[in-house]
Amino acid sequence: MTAPVLEIGRSRLRKEDARLLTGRTRWTENITLPGMLHMAILRSPHAHARLVNVDVSAAKNADNVVTAFSGADVAETQGVLACAWPVTEDIVLPTYTPLAVTEVRHVGEPVAVVVARDRASAVDALELIEVDYDPLPVVLHLEAALGEGSPLVHSDKATNRCYTWVFDAQAAGSGGAMPDAAEVVIKRRYVQQRLIPASMEPRSVIVDPSGGEWTIYSATQIPHVMRFLLAATTGTPEHKIRVIAPDVGGGFGGKLAVTPEEWIAFAAANLVGRPVKYTESRAETMVSAHHGRDLIQDVTLYANRDGTVTGLDVKLIANMGAYLGIVTPGVPLLGAFMYNGIYKFPAYRFECTGVFTNTTKTDAYRGAGRPEATYAIERVMDELAVEVGVDPLEIRRRNWIKHEEFPFATVAGLTYDSGNYEAATDKAMQILGYDELRDEQATRRANQDRVQLGIGISTYTEMCGLAPSRILGALRYGAGGWESASIRVLPTGKVEVVTGTSPHGQGHETAWSQIAADQLGVAFDDIEVLHGDTRTSVKGLDTYGSRSLAVGGIALVMACAKVRDKAQKIAAHLLECSPDDLEFSDGAFHVAGTPEASKTIAECSLAVFTAHNLPDGIEPTLDSEATFDPSTFSFPHGTHLCAAEVDTETGEVAIRRYVCVDDVGKVINPLIVEGQVHGGVAQGIAQALFEEAVYDAEGNLLTGSFADYTIPSAFDLPEIISDRTETPATSNPLGVKGVGEAGTIAATPAVVNAIVDALRPFGVNDVPMPCTPERVWRALSEVRS
Amino acid sequence: MPRVTVTVDGARYTDDVPARTLLVHYLRDQLGKVGTVVGCDTGNCGACTVLLTDPDGVPRAVKSCSVLAVQADGAQVSTVESLGGDHPVQRAFHEQHALQCGFCTPGMMMAAVDLLRDNPDPTDAEIREGLEGNLCRCTGYQNIVRAVHAAAAEMRSAPTQEMPLVEAKSAEVTV
Numbered sequence: 001m002t003a004p005v006l007e008i009g010r011s012r013l014r015k016e017d018a019r020l021l022t023g024r025t026r027w028t029e030n031i032t033l034p035g036m037l038h039m040a041i042l043r044s045p046h047a048h049a050r051l052v053n054v055d056v057s058a059a060k061n062a063d064n065v066v067t068a069f070s071g072a073d074v075a076e077t078q079g080v081l082a083c084a085w086p087v088t089e090d091i092v093l094p095t096y097t098p099l100a101v102t103e104v105r106h107v108g109e110p111v112a113v114v115v116a117r118d119r120a121s122a123v124d125a126l127e128l129i130e131v132d133y134d135p136l137p138v139v140l141h142l143e144a145a146l147g148e149g150s151p152l153v154h155s156d157k158a159t160n161r162c163y164t165w166v167f168d169a170q171a172a173g174s175g176g177a178m179p180d181a182a183e184v185v186i187k188r189r190y191v192q193q194r195l196i197p198a199s200m201e202p203r204s205v206i207v208d209p210s211g212g213e214w215t216i217y218s219a220t221q222i223p224h225v226m227r228f229l230l231a232a233t234t235g236t237p238e239h240k241i242r243v244i245a246p247d248v249g250g251g252f253g254g255k256l257a258v259t260p261e262e263w264i265a266f267a268a269a270n271l272v273g274r275p276v277k278y279t280e281s282r283a284e285t286m287v288s289a290h291h292g293r294d295l296i297q298d299v300t301l302y303a304n305r306d307g308t309v310t311g312l313d314v315k316l317i318a319n320m321g322a323y324l325g326i327v328t329p330g331v332p333l334l335g336a337f338m339y340n341g342i343y344k345f346p347a348y349r350f351e352c353t354g355v356f357t358n359t360t361k362t363d364a365y366r367g368a369g370r371p372e373a374t375y376a377i378e379r380v381m382d383e384l385a386v387e388v389g390v391d392p393l394e395i396r397r398r399n400w401i402k403h404e405e406f407p408f409a410t411v412a413g414l415t416y417d418s419g420n421y422e423a424a425t426d427k428a429m430q431i432l433g434y435d436e437l438r439d440e441q442a443t444r445r446a447n448q449d450r451v452q453l454g455i456g457i458s459t460y461t462e463m464c465g466l467a468p469s470r471i472l473g474a475l476r477y478g479a480g481g482w483e484s485a486s487i488r489v490l491p492t493g494k495v496e497v498v499t500g501t502s503p504h505g506q507g508h509e510t511a512w513s514q515i516a517a518d519q520l521g522v523a524f525d526d527i528e529v530l531h532g533d534t535r536t537s538v539k540g541l542d543t544y545g546s547r548s549l550a551v552g553g554i555a556l557v558m559a560c561a562k563v564r565d566k567a568q569k570i571a572a573h574l575l576e577c578s579p580d581d582l583e584f585s586d587g588a589f590h591v592a593g594t595p596e597a598s599k600t601i602a603e604c605s606l607a608v609f610t611a612h613n614l615p616d617g618i619e620p621t622l623d624s625e626a627t628f629d630p631s632t633f634s635f636p637h638g639t640h641l642c643a644a645e646v647d648t649e650t651g652e653v654a655i656r657r658y659v660c661v662d663d664v665g666k667v668i669n670p671l672i673v674e675g676q677v678h679g680g681v682a683q684g685i686a687q688a689l690f691e692e693a694v695y696d697a698e699g700n701l702l703t704g705s706f707a708d709y710t711i712p713s714a715f716d717l718p719e720i721i722s723d724r725t726e727t728p729a730t731s732n733p734l735g736v737k738g739v740g741e742a743g744t745i746a747a748t749p750a751v752v753n754a755i756v757d758a759l760r761p762f763g764v765n766d767v768p769m770p771c772t773p774e775r776v777w778r779a780l781s782e783v784r785s
Numbered sequence: 001m002p003r004v005t006v007t008v009d010g011a012r013y014t015d016d017v018p019a020r021t022l023l024v025h026y027l028r029d030q031l032g033k034v035g036t037v038v039g040c041d042t043g044n045c046g047a048c049t050v051l052l053t054d055p056d057g058v059p060r061a062v063k064s065c066s067v068l069a070v071q072a073d074g075a076q077v078s079t080v081e082s083l084g085g086d087h088p089v090q091r092a093f094h095e096q097h098a099l100q101c102g103f104c105t106p107g108m109m110m111a112a113v114d115l116l117r118d119n120p121d122p123t124d125a126e127i128r129e130g131l132e133g134n135l136c137r138c139t140g141y142q143n144i145v146r147a148v149h150a151a152a153a154e155m156r157s158a159p160t161q162e163m164p165l166v167e168a169k170s171a172e173v174t175v
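Each protein sequence line maps, in turn, to chains A and B.
Residues 1 to 785 in our numbering are what the first sequence spells out, letter by letter.
Residues 1 to 175 in our numbering are what the second sequence spells out, letter by letter.
Worth flagging that the hints you see were computed from the coordinates, not collected in a lab.
The reader is advised that the hints may include incorrect statements.
Stretches of chain B that chain A covers, calculated by requiring three or more beta carbons in the stretch to come under 8 Å of a beta carbon on chain A [claimed, not checked]: (1) 2-13; (2) 44-54; (3) 72-79; (4) 110-123; (5) 138-147.
Idealized CB from N, CA, C, for every residue including glycine.
Turn these sequences into a full structure, and let the hints steer you where they fit.
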């Protein structure tokens, strides 16, 4: 008997591709229901104003218009949008209504609605709505917003401070006292600019209120969370709500949201009693969907002259925007446990203050808190290297956790189960040609070349697999972090896997098939993975935070084990032996010592279907269900190296070579992992070089289209050389860690460190992001003058 | 209301359309050609890219959000649906894992088809420049570049491979 080919570890081509490649995709916007109407939303042109009067009567009377309404018209029924993460006891929680009722607090906030027979008529009729705005003072600057006498975003709250959250390692028992002084003290301020997630598919929703129940199609990452929150905040019976996330075109955290538009469409459908569709324009996405990042980081690093860090103090001011989305306040705190990175710091303190401003809310964007933390620590470690006069790789070696020291309890209170920073770094250096490039750099410096070379290093780790429910509870998050999977074994031996994860480009249909194939001994093509419909996937907590594989994948393994255990009893009965005499291999149960006597899962399934000859007292089904709640996080890590050329006359930056070696534990599908790394790195580079959401002094978004908010094209990005080391996670049976966010977390500091490294001889020690030619040129000009 | 006659993926359609109707909305809303999608409203993302014959009858990639339906009167349009499912570009995108969420993919592939007709053996840089008008948020483009190379190689080795939209089929449909 030849050894079976394992599916796990194979670069299987994706099952998802066929419909995507042929245009037969079920995007929400592609779905048309009988009797469906279209909705358009009038949005505030003011960043802050009192609504004096909203008159929709002319719009109501326009051709093709079925109804029009304002926030006041649905004030009692539209529900509210909830924040699921009130991070402190005294957090300020503003009322967040889908349609503004008395006041608008950011440009783009929904004010009124038209429902019409077609989209064009609905948009046309928006122009007939008359709104009297009484403008109010606008709050935009984070530090000014906290000052005495600042105008208020929420006049009923007496402050723009949303919360202050502190982690003190000494108080928590995970670290010592912060040093009063040190041989080396490095203080830096970094600004994480505001970013826009910008998945290519805009958000879209259809609400069908037919038949006394509500079927909702939404381009969302979180159909299960949406169902719960819609029930909880509108009083709609949960069992009457079905949420379907059909094919969803990317998310990156931008669809980890329940949106005003979903709630408004719900209100509109209830008003007219017919299905209502709303798909936002890109301009609407940019101005009103949540943004990411946007915080000020004040970092103080204490160290000995030999480069050993003795303490790290981090103070953040984080922009919440005008309202709180489901995890807005918690996003910066996901970084709280990561500012110490891969290092052994004896002392650590973290403080974050959330601030309201008259901008659209911030919330999760790929990495959510961890890219910010990684950026700060990896930037400031470079500064330390310069200060004590050693290579930036050497400063990391002197402080990082050595591979023999795992499991390691960090100063931030987490226990890293596994890792090998030395191996990943050595491999990355070798692939990059680190030493040769350092030589070239020295030559260029000596020659005072116009184009200088810099090498940027990012040795990152992150916490994935969100999340152990008890820890979430301790952090005051409103839900758990478990995930669910169930298996249906059909009479012909084909298998349906139902997962509570909700993919939107990650390839779960393929990867979950690979896992189930190995676990059940069923062919890859005989498995169908079902997801994203709360009627088939009844339980789930959806997809975000690199959790799907590390949590949902484990639930799947557990569900498969239950099928196998039961099938073993049935096989033993059919083979007239004891279950203990059976071994499961090569997709079948074999009698030990008599391997030709065997039963496959399919044979057991047919036996269950006929139920003619089953053991006494056994239920005639092989189906199973499992829910997995992780006991800890997983900790991918890796080393990213960027060699960048910087033109010291024009400020232009060209990435010459980008190498990443990631350790995401065991890999289910190398092809998919590599794709995730490429895309993640692209978004990390984008933050470093290209993207920034900018508001003017009146709170208008200046970067409200893809013409102004410059997400990179193929022409803007380099070839990425990616490789892996494999240190299996010890915290789950697959040894997996998660990969969705790694590239984004790692890449940004690698690129900026490279730029700053190139400019060190000129005395430059920082360039604010994004490092556009102008910003680089200005940084050089400042030190030259 | 202006009347247009357009041949789309080999079938001819005649319709009255409001003059302001964009080609992409005509394709999607009136013809049900929902393989072509809308990703932005400023002509930047390229998700809506289709091939449209120019006055000489040569198919060219256009962003169908930047063309009025009436401008396509008398022309032939090829959408992703014309590729059939087994086109070298489709196969290469699948085999090179050049798509994740897949939203940009129809437009990206149509742009690639156009690029490869002009340049059957492009370099990396030529591919990256040639696809500059099509944005992808998932892949970092690297596997898209690989896929275009792979498709180019296959199409060079089998030059009889029929380009989409060379000639319309005889089907005649009036809506």
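Now for the hints, and whether the structure bears them out:
no.	hint	in the structure
1	2-13	violated (count 0)
2	44-54	holds (count 3)
3	72-79	violated (count 1)
4	110-123	violated (count 0)
5	138-147	holds (count 8)
The structure fails hints 1, 3, 4 (numbered hints given earlier, in ascending order).
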